[in-house]
Structures are given as structure tokens and as C-alpha cells.
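Q: Okay, here's what each chain looks like letter by letter:
Number of protein chains: 2
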Amino acid sequence: MAEFRFELLGADGAARRGRLHTAHGTAETPAFMPVGTAGTVKGMLPEHVAGTGAEIVLGNTYHLMLRPGASRVEALGGLHRFMGWPGPILTDSGGFQVMSLGSLRTMSEEGVTFRSHIDGSAHKLTPERSTAIQDDLDATISMVLDECTPWPVEEAAAADSMRLSMRWAERSRAAFRARPGYGQFGIVQGSVFPDLRAESAAALGAIGFEGYAVGGLAVGEGQQAMFDTLDVATPALPDDKPRYLMGVGRPSDIVGAVARGVDMFDCVLPTRSGRTGKAFVPGGELNIRNARHAGADRPLDPDCACPACRGFSRAYLHHLFKAGEMLGPILLTWHNLRHFQDLMRDIRTAVEGGGFGVYRRDRAAAEAAFDPHEA
Amino acid sequence: MAEFRFELLGADGAARRGRLHTAHGTAETPAFMPVGTAGTVKGMLPEHVAGTGAEIVLGNTYHLMLRPGASRVEALGGLHRFMGWPGPILTDSGGFQVMSLGSLRTMSEEGVTFRSHIDGSAHKLTPERSTAIQDDLDATISMVLDECTPWPVEEAAAADSMRLSMRWAERSRAAFRARPGYGQFGIVQGSVFPDLRAESAAALGAIGFEGYAVGGLAVGEGQQAMFDTLDVATPALPDDKPRYLMGVGRPSDIVGAVARGVDMFDCVLPTRSGRTGKAFVPGGELNIRNARHAGADRPLDPDCACPACRGFSRAYLHHLFKAGEMLGPILLTWHNLRHFQDLMRDIRTAVEGGGFGVYRRDRAAAEAAFDPHEA
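If you read the protein sequences in the order shown, they are chains Y and R. Mind the numbering: the first sequence is residues 10 to 384 in my numbering, read in order. Mind the numbering: the second sequence is residues 10 to 384 in my numbering, read in order.
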């Protein structure tokens, strides 16, 4: 079985073109991972997710540990077999969702106790438990348990939070069961404070992981603060390991992060937007529910090869959403996933050919020229 | 362009094996038409509907006339292009849904006036208007406007209702714009009264249609009364035209109706059942939400080639429904449509080979042996 390995194929400035080798196959980077929260990318068959160009998907430990349960998934042969996705799967630690539970959870040095949003049952998530659950799920890539530092935050509180996450990272690593082709990623915290981010990156590098994530961003700090933080964080990470920016983001976020050396992304944006009638088109987004699409006998994006664009008019997609038909969310989810995968493909091609700078400028110009009322 | 034509390929007793030739291609009969109410078979892409084996689908005039509107569909190139289904489409007259509106509608000799369930707007459906709408939709097969006689009903009321439908059938025929490859079907009414059914069939035959439907059944009269009515109605219809039993039904209804000379069927059962977690399996139905499926590491039906059965365990399907995931209804709709199309394929094969009697007995035995708690 293949070793877990990040192959750096080339670079264009700080932007990297790579290939992730895992027990479950390879993924070209920069890569966008569709979110399969509860063991399904909502509304999509796995073969259709793969058809959009996705090679690696994300699963949510919090959702899966509560339903159907990690031991149930293990008994059924692991998450790959359960959800019919033979390729690599990255699972988060469950921490982010648990932190979002607010009054339903309490934090300590040991970990987090919380009540299920489904049935109110009590659960505890520690670095060791999170790692064991991800092992039960058979995650190709496990994430360490961390505290996602809230925003806004004072520097002292951000430092305390980051250092707790670093102690948890050590415990997560100790609990990780190494197997060929599997990996565990540490998560850099420290909010928008450069010294804290550098301290966090150094601490994780000293522990040693198969990859490194940048967490605690896209929480309201704004795109420039996110980019400024990446400017500090990514150079402090080992060159020969993949870098993953968690929960990001819009196409312009992704392009800017690739320019700063990020290799992997995940976000609910394409799937969640698709379910509510929002479609990504070159330069921006449109809402298919808008009345101006009611009679529009043209595709969402004539250059897109997804089923929504190949087979149907905007008028039809508009009708599906107005009529509350399931096929509307299905088709727009499909389109948006394809749009994001086409974006990643274009980024990879640009980085390979040394044309990433031109690509960025062209994209920025298209976004500046985008008129949401005319698109 | 092909003439609209029913080619009788063979028979086994009263059961017929045929082929419908239309402007939009052919359909092998006996045929089951999935219901695409509002211009979509709920949760399915047209290419996937076709992949189950379906060659002709049904659209609902009532739903489409209200949203997006018949003239909108016409402006967008007709229903085939709008919904991405190039094959034959049969549309109902809108009458059945309008009659179901209860206090929101009023009947007269002229037609039915009603209020939209969407926005309360006033509409009128007459034989002429229903036919014109179906023409706007570009229906391959249009249905005459009829009154679906309620159940239970006295014979005198059933006679009045049937005779109104026959006058409407004449008006519908006069309004029908004949085009090569397109057809219009009359609808036999008369409830469970043999004399009325015979009178209705004779009246329609005298008008002359491209096909004949049997309406007003599967409304609560029971399977035996339905079969008894078919025993009267189908022999009274022209041999060289297709016969369509509207809104039917369960597999055993379909098999029994084929044995009585019916060629075409439609029903929401496979799609609606699929959305609520009910799956058709050999011999009967099961509810995937049942707790006994929670850990079941085997497919719904090992002999089924649909994506739900090829790619996933019952435990996964159970999980999808428990978690309220869209993929659950998608996969069970797909499975049920495939199950019904496989049924029709098996029926056609049995009739072709002269083995339909054996097929019926084997099926009946499997249904008798079916244990819903063990399946």
C-alpha cells in the first residue's frame, strides 16, 4: 500500500502544484474537497461527485459520531465503503461543530463535553476520543482536535486558546495509529496575530504531522486579514507537506490562498448555495429564483459541462426552484461543484505553466466587471 | 415524421405485446410511465429516468398550466425541450387534479372553473382549453377532458357523469389539432357498472381516437372490482389501438391488468413511495426507516442493477432517511422506478415467449410468501 506522501510537482511563485498519495488513491493539488457532512455530499451520488472532478471529500466527525455512530460505520467497513466513496476522505475532528453548540457544551483542559443536537444525549470529545473516532471511520486524513478561536478576540485570549490547541495536538498525535497511506494533520491557530501563528506553526512542526492546516480563519476577519495571516503562517510550515486552509471559501479566497502556498480547501459554499438557488458563474454568483430568469432560454453558463448547463435553460432551473422541486437543488449543487472543480483545474494548469499571475489578474478583472443584475 | 401507430407484436391470451410509434420515438408495451408532475420526475435527471428503462413519461396539465404556464412552456420550445425529455410524453387533461380541489371548483356542462392551489387565481378548464394547453405543451399524447366519477357512486349518477364525459370527449376531439406522430386518447368512464362501461367504450370508438384509456379506477373500488371492470371495458375497445389504465398501480394490479389486455400504465407509487422510504423488492414492499435495517450490510435487492442496490447497504439507505438527507429519496426513487421498469420488461418477455401465465403464477406465489418483517 502506498505511503502517505505529498509530491511537489512544481511552483509558480509561492503557488504550488502537487499530488497527494494516499492509501485510497491520489489527489491533484491545489484541491477542493466537497463537504459530505453526514456521509453524503448532499443530493449527489458519489460517482457524480467524482464526475465533477473531485478526488477527495470531507466527512464530519461530529455528525457521524452521533448518527449513525462511529462503531456502526466501522462495523459496516468504514466510511469509504459506507458512503460509496473509494477515494481519499479527510475527516474533521468534530471540534468546530461542538464549539458552535454554545450553551450545550463545556470546555476543559481534558476536552469538550456536549449534548447532541439530535437527542440531547451527553458526549465527550477529547483529543484521544476524536482521533479514535476518526480511526473507526477509517479516515484517510484525520485532523487533530483543536479549539477554533472565536472572532473577534484579544491577543491574550487567542494565545491561551492556541496553546491549548497545541497541547491537544500533541495528545492527538500520541493517539494517532499510524498506518501506511494514512495521515494526520495538525492545525495552526493564533487568530490574526502573526507571532501566535508563527509560534503555533513551529509547535506543530516540532510534533511532526503528515500535513498542516490553517484553522480559525473565514470566521469574520475579512479576506485581507485572512491573506495577511496566510502570509505569516504558510512560510512557517514545512515545504514538503500539504497545507490545508479549513472552511474556505469563495473562488477569490481560494485563488488568493493558492498564491500564498495553500494546497487544499473545503467549504460548504458550493453545495449550500446550490440548495438555495445560488449559482456560481464566471466572475460571480446569481440567484436563479430571480424573476429575470423566468423566461431565459439559455444555460446558466454556456461554457460549463455540468448536466444543469448542458441539458436545461435558466427558465427551467428557475421553475424547479419556484415549484419546490428536488431537481433544482440537485442540479445547482452539481453545477456549483463542477464550477469549483473547474476552478481548481484552471488553477493547477496555470501554476503548471507558470501563468498563475496572469490567471489571477484575469480572474480579478472578470470579478470586477461582473454585474449581478445582468449575469 | 412517423405516423402515430400502435404495432401489435404478439399476444398471450388477452395479454398484448406491442410497440407505440410516435413523433418522439417508440415505446415498448406493456409500458409503465413515470409521473413527471411539474416537468420533472421528482429527484431524477431525465437521463437517469431513461436509464431505468422508461421510454415514455407523463406530465400534469394542471400543474404545468399554473406554473410555469402553458404559453411559457410553448415559448421555451415545448415540454420535451423544457424538461430535457426527448422521448414521448403523455399529458393528462388536468381534470383529475381539478376535480380533487373540492370546494375550490365548480362544474358545469361547459367545463370546470377553479382556483389555483398556488395563488388562488381563477382558471377555467373546458375540453377545448385543456386540449389547447396540451397542444401548447407539445404533448405527444393528449388526453380528453373527462370527469373522474367519484367512488362510491349510484348507477344513475355514474351514468350522468359518464355521458357528460362522452360529450366532453367529442368536444376534445373536435379541438384536437392532428399532427403526424401525435395522438389523443379517449377515456372510458362508467364506474363499476358493466353496461355503462360498454356504452362509454362504444361512444369513444364511434368518435375515434389514437388510443383509449380506462379511467375512474383505483379510486377505492378494490382490485377485484377493477379487474371485473377491465374484463368488460377492454374487449369493447378497438384491438388495434393502445389501451391505458390511468393511475395504476401496484405490481399485482399491473400484472392483472396486462392479463386483461392493458398496454400502458402510470402511477405516482414508485416515486412517492421512494420519497418516504418505501422500497419495492421482489414480492412486496419494505420501509427502509425500520430499525431492523440500521445495521444491515446488504443491498435492498441483490438482483437489482440500480445505483441504490449496486452501491449501498440497507444500513446506509436507512441512515440517509434518518438523517433527512436528500440522497435517500433520490436513491429510493431510482430503485423503485427501476423495479417497475424491470417488472414491465419481465412482463414483455413473458408475453413474447408465451409464458405469461407461468409468470403470473410465480409472481402471485412470491407475493403470497412475502414476509414484510423479514424481507
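A portion of the hints provided could be inaccurate.
One copy or two, either will do: identical chains are not told apart, so a pair holds if it fits within one copy or between any two.
[What the hints assert, rightly or not] Once the Cα atoms are required to be at most 30 angstroms apart in a straight line, the calculated DSS-like pairs of lysine-lysine come out as:
1. K133 - K331
2. K133 - K287
3. K287 - K331
4. K51 - K287
5. K331 - K51
No lab work stands behind these hints, which were simulated from the structure alone.
Q: Give a verdict on every hint.
A: Do the hints match the structure? See the list:
{"no.": "1", "hint": "K133 - K331", "in the structure": "between (43 angstroms within a copy, 23 angstroms between copies)"}
{"no.": "2", "hint": "K133 - K287", "in the structure": "neither (37 angstroms within a copy, 36 angstroms between copies)"}
{"no.": "3", "hint": "K287 - K331", "in the structure": "both (13 angstroms within a copy, 27 angstroms between copies)"}
{"no.": "4", "hint": "K51 - K287", "in the structure": "both (15 angstroms within a copy, 20 angstroms between copies)"}
{"no.": "5", "hint": "K331 - K51", "in the structure": "both (20 angstroms within a copy, 14 angstroms between copies)"}
Checked against the numbered hints above, the structure breaks only hint 2 and satisfies the rest.
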